[in-house]
Amino acid sequence: MAALLQHAGYEEERLLRVAQQMPCREVQAGMLLSLMGQPQQYSYPSIFIYGHRASGKSHVMHVLLKELELPHATVSCVECVSVALLFEQVLLSFFGCDAASLLPRSPSLSDFVRIYRQQCSQSPAKQTRYIVMEKAELLRDTDANLLPALLRLQELVEDNVTIILLSEIVWDKFRPNTGCFEPLLLHFPDYSKGELQQILSQDRHPSYTAEFYSSYINILLGVFYSVCRDLRELRHLAALNFSKFCEPLAEGKVKETDTHKLWRNIEPHLKKAMQTVYLREVSSLQWEQMQQMEEKESGALRGLSAHTHVELPYYSKFLLIAAYLASYNPARTDKRFFLKVDRFNFTPKNLLNHLLGPKPFPLDRLLAIFYSVVDNRVAPTASIFSQISSLVTLQLLTQVSHDDQLDAPKYKCAVSMDFICAISRTVNFDIVKYLYDFL
Amino acid sequence: MTTTSVSKGCFVFKPSAKKKKKTLSLEDHFTNGCEGADNSEIRFKLCQDLWHKIRADTEVLQDELNRKILDSLLDFTRKCSSTRQHSDWASQMRASEIPTAALVLGVNVPDHDMTFQSLSELLQQSVTPHVASVQAKECGALKHLMKRVLERLMDTVVTVDDEEEEETEQTSTQLHKSVHCSLSTLCDWYNAKTMKSKTGTPGKKRSSPVRDDPQQPPVVIIFKDLEAFNPKVLQDFILICSRYVERLPLMFIFGIATSPSTIQHMLPHSVSSLLCIELFQSLSCTQHLATVIDKLILTPQFPFKLNGKVMQVLMSIFLYHDFSVRNFIKGVQLALLEHFHSQPLSVLCCKKKEALLNVMQLSHHDLESIRHLLSFRRYVEKQEPQEQLNLFRDDTHLKEVCQKLIKDLRKYHKNYYPVLRCLHTLTSSLPRYPLGKQVRELHLICLEKNVWENEDYQTAMKLLKMLAKDELIASLQRCVEILQPVKSKKMKKALVELEELLAKFKQLDTVAAETLPCVEDCITSPVKNLQKKTDLFQLQKTLLEMNESRRAKKLSPFEVLRNEALEFIDGLVKSHLSPPESQTLNEVCYYSSSATVRRHLNATPRTSIQAALSSPYYYLQNESLKTEDGTVSNAAPDICIAYKLHLECGRLINLYDWLEAYATVVSAAEGNNPDSDNVRKVEEVKHARFIQAVSELEFLGFIKSTKQKTDHVARLTWGGC
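Top to bottom, those sequences are chains H and U. First residue of the first sequence? That's 1 in full-length UniProt numbering, and the numbers climb one at a time after it. First residue of the second sequence? That's 1 in full-length UniProt numbering, and the numbers climb one at a time after it.
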């Protein structure tokens, strides 16, 4: 395997070490190496690497640059709230803090280029310098000139520098409509089942043999591979369930080699974990506690999504109900529901409004419905109004109009049908009777 | 002003320092406009003392209530920081997750501040000095959030050289400032910090024995109101933090008001998989309130009391509007202040000794007001004619009587609360809760009128008469526990009687064995008759007969005893649970003005505006504005006239008609004959005044311009004449 990673200009043993650290990515690494050329050679100005989450993009780049001791700067675009931070991190890792402090306040791209040139004339690159940008898709939201400029930074600064963009999105979604320099595209495909097995087997438990852990991973993948191929999630699941897997071993009932019995023991637990895959309902610590006490009553510890009940003040409940009605009933049907004179006859339209989602409604409609659904007379006090705004902060309602618009603000109801049914049950209000869709 | 100078000229008089600085103290505010000013100082002091005591007590209480959840949170942080250092396999696999506590606190957001306050204090004392809490409203964008976190973390320890940059950080476009606004700065700072403490003398640091690891204390970030945060900001922040989690032992605490599933709504899987979330649920606010009421209201400890209506107002604000215990206590404070402010006799609302002393110092004026008290007059009416005369004429005699009455009132309170609790323990387990689930509901019933005349009380008693033996014994046992610590004489006597009853119940076990078969006999025989074929009428008849016979049937010893016990309870209730209004001098302790409390705590802006517009006399107090009900004098302010006229219109108002009507009214007020010619033409001044009134109405939200019809405005309120 390591044979793939032979390249002139780098020491053999280093390449070997690199190869060990990234299983199943030798092809891509070899490709990258040949693109990069020998350290002192000029490299291609920009390389764009894309692939799904947890397909090893950052890891491969990190290992390569670190092990081969190439000058590089790694920047995560999430962290760069402003471009200034980006420029500064690059300058800092290439030329030290002095260079970074030369940048003026709110620097422009040309400031950056100027300082870069100034610095690199003092210390020209002996080896290719690499700038790695993680989550590069965020670059699209910054100034329009940033991405095109970065792609041909080599020309701009006249230095041996290469930009490597890492992203989960394909290049087609990046291309600015003014056109730009096309980077070299490199795709990191998803790991296959065998590869996942190989990678996951690497982090084995120190007190068990490699074969044992590998057989555990085999079982795990057998269960989860059909629903989840995310390496990170699988690793989380592996860590979560391993102690349970080892339990019969610790009790001395089974030998390490007796895979069948081990499988019989772990299978129900994996099935259970399957229900909450991706959800991270409970913390890993709680999961372990749960497994210990499960036979008795696992109902005691429930996941996050099980807690949907919200306790609200009495009038808040009615306000929420009124908001729900206002959001899901057409305004013209209000007369029919709340005037108590059956003058109109509508034919129901099969959940149409519920399929379309909540509609915005003005404040006075909300209050009008509120006063007709609440059973006793309510004075229009200040606290009724403040309850509306606290429902907004609790994200049970959303304000549609702008904050500044004091005159007739508009809202939307942001709760689900189940939620509102539960709420109206607590106040003995039959909401279904008032919903146009359910007539 | 005079000067000592003999020469003529200008003299500068600087205002004397004393005058200039005079700001009114609390006491001055209190005495100002206070009823019965002569003893206002004493009342102020009493009020202050009482309030301080109440506040201290509630704080202690709330600390206790929060203790459990705070302790478990502290344990969680400690455990997390200690597992980080362990190098076992499981914690290594988990190293990239940020430990997160989801703390569910309920929707009463104003109450959360105190919890978070004590949480961060506790954390700083026992786990880590690095705690930062952030609120959503100060973190609109990622950089603001970052800035707040850095500021608060580094501020706690380093201050001097950071101050400058924090000031300038306001404009984050400035490069040099935003350099520091990244987590790597924090990492460096943290490393420097921990290195220092490693090399420095360990004794110097605020190390408490609980702190298991002074070298690597976690960095805790508290998000006070998770729901209000912009999800994007939060996601980005978590992503950034996860990049540094290997170098920086970060930890989050999410304060959640609604339900934990909001985390899933706000964070996508790619973000939430970076967290290791554990759930903590705090006490519900209704339970919280129940405890506060239990310790604050339902106790003879505080002489100040709320009457039924005020309690009702405070409770309804809590249950219907905000769920906030803090606001409830604020309401109690308001009532307390109002009571001492407006009731001159509140000097007697204090501890027994002080009260007795204060009685002796009452002025003639105060005594006169005692004589006018409703409850006192009722008391006088019951006395002998000679005694009545004495009470009205002789001040010293009245003082003595007052002392006795004050003592009686105290005794009444001492007996009232234990009996209330006893009755509650008996009735709270009955089906459908005829007297309420919570003790506060029962309290409200008792405050209103004689509880034993209440229908629900009768049904409760009937239900109690059907109670099974073990249940009855258990609740009686609890009553004994309630009565045990009470010191009053009557309660001690009651306790003895109750214990005797209980003993009899227990003796019954041995006797019961013999009587049981006979009882079964009587019941089974009519049932046998039923086996025969009968029509519906017959069946009904037999059933009725059976019922009759069972009622008439001789009671078993248990039933006799049960009735005896219940009669005893009934007796207790009748002698001790009479409403406070029936007590003489209850006005001293009870605050009764529910309207004031309601007006202050639950303001009605709309109603006030409408009241001002429809009856301007209410606020302006100008005699010329006084009118009959429902009419507005034509001398009223323009806006009132315009308002009144607009009430007579439909949904759309023709502006010209409105103006005509307005001009007619106004010129009538000026004494012009409405029929004369010059009124026909509307004066410019009146026109302008009308326009102003209309725009004011628009500003207040009564009308708005409309495009449906030219020269018309739309009415926004409904109803009217």
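Since the hints were derived computationally from the structure, they do not count as laboratory data. These numbers were taken from a predicted model, which means no experiment stands behind them. Possibly wrong hints are sitting among the right ones.
What the hints assert, rightly or not - In silico BS3-like pairs for lysine-lysine, Cα to Cα no more than 25 Å straight-line:
1. U:Lys232 - H:Lys359
2. U:Lys554 - U:Lys449
3. H:Lys410 - U:Lys704
4. H:Lys335 - U:Lys232
5. U:Lys295 - U:Lys469
6. U:Lys493 - U:Lys465
7. H:Lys173 - U:Lys232
8. U:Lys686 - H:Lys244
9. U:Lys353 - U:Lys309
10. U:Lys143 - H:Lys135
11. H:Lys412 - H:Lys359
12. U:Lys493 - U:Lys504
13. H:Lys135 - U:Lys79
14. U:Lys554 - U:Lys541
15. U:Lys709 - U:Lys626
16. U:Lys353 - H:Lys412
17. U:Lys707 - H:Lys410
18. H:Lys412 - U:Lys704
19. U:Lys295 - U:Lys490
20. U:Lys686 - H:Lys412
21. U:Lys449 - U:Lys469
22. U:Lys574 - U:Lys554
23. U:Lys353 - U:Lys574
24. H:Lys410 - U:Lys626
25. U:Lys232 - H:Lys410
26. U:Lys404 - U:Lys465
27. H:Lys335 - U:Lys707
28. U:Lys709 - H:Lys335
As the list claims (entries may be wrong) - Each pair of labels, with its calculated beta carbon distance range:
29. U:Lys574 - H:Thr398: 31 to 37 Å
30. U:Lys626 - H:Arg377: 50 to 56 Å
31. U:Leu620 - H:Leu339: 26 to 32 Å
32. H:Leu352 - U:Pro231: 40 to 46 Å
All residues carry an ideal CB built from backbone N, CA and C; glycine is no exception.
Using the Cβ atoms, figure out if U:Leu620 sits within 26 to 32 Å of H:Leu339.
Taking Cβ atoms as reference, U:Leu620 and H:Leu339 lie about 39 Å apart, which means the hint is violated.
U:Lys709 paired with H:Lys335 [C-alpha distance capped at 25 Å]:
holds (24 Å)
Pair hint U:Lys353 and U:Lys574, alpha-carbon separation not exceeding 25 Å
Not satisfied, since the Cα-Cα distance of roughly 29 Å exceeds 25 Å.
Quick one, are U:Lys449 and U:Lys469 close enough, alpha carbons at most 25 Å?
violated (31 Å)
Satisfaction of hint between U:Lys626 and H:Lys410, Cα-Cα up to 25 Å
violated (41 Å)
U:Lys574 paired with H:Thr398, Cβ distance criterion 31 to 37 Å:
violated (56 Å)
Between U:Lys686 and H:Lys244, does the CA-CA distance stay at or below 25 Å?
Violated, at roughly 89 Å.
Range hint 50 to 56 Å (beta carbons of U:Lys626 and H:Arg377) holds or violated:
For U:Lys626 and H:Arg377 the Cβ distance comes to about 29 Å; the hint is violated.
Sort out whether U:Lys704 lies within 25 Å of H:Lys410, counting only the CA atoms.
holds (17 Å)
Compare the distance between the alpha carbons of H:Lys412 and H:Lys359 with 25 Å, and conclude whether the hinted pair is satisfied.
Given pair H:Lys412, H:Lys359 holds - Cα atoms ~6 Å apart, limit 25 Å.
Taking only the CA atoms, is the gap from U:Lys295 to U:Lys490 under or equal to 25 Å?
The given pair, whose Cα atoms are some 22 Å apart, holds under the 25 Å limit.
Given the proposed pairing of U:Lys493 with U:Lys465, does the C-alpha separation stay at or below 25 Å?
holds (24 Å)
In summary, the numbered hints that this structure violates are 2, 4, 5, 8, 9, 13, 15, 16, 20, 21, 22, 23, 24, 26, 29, 30, 31, 32.
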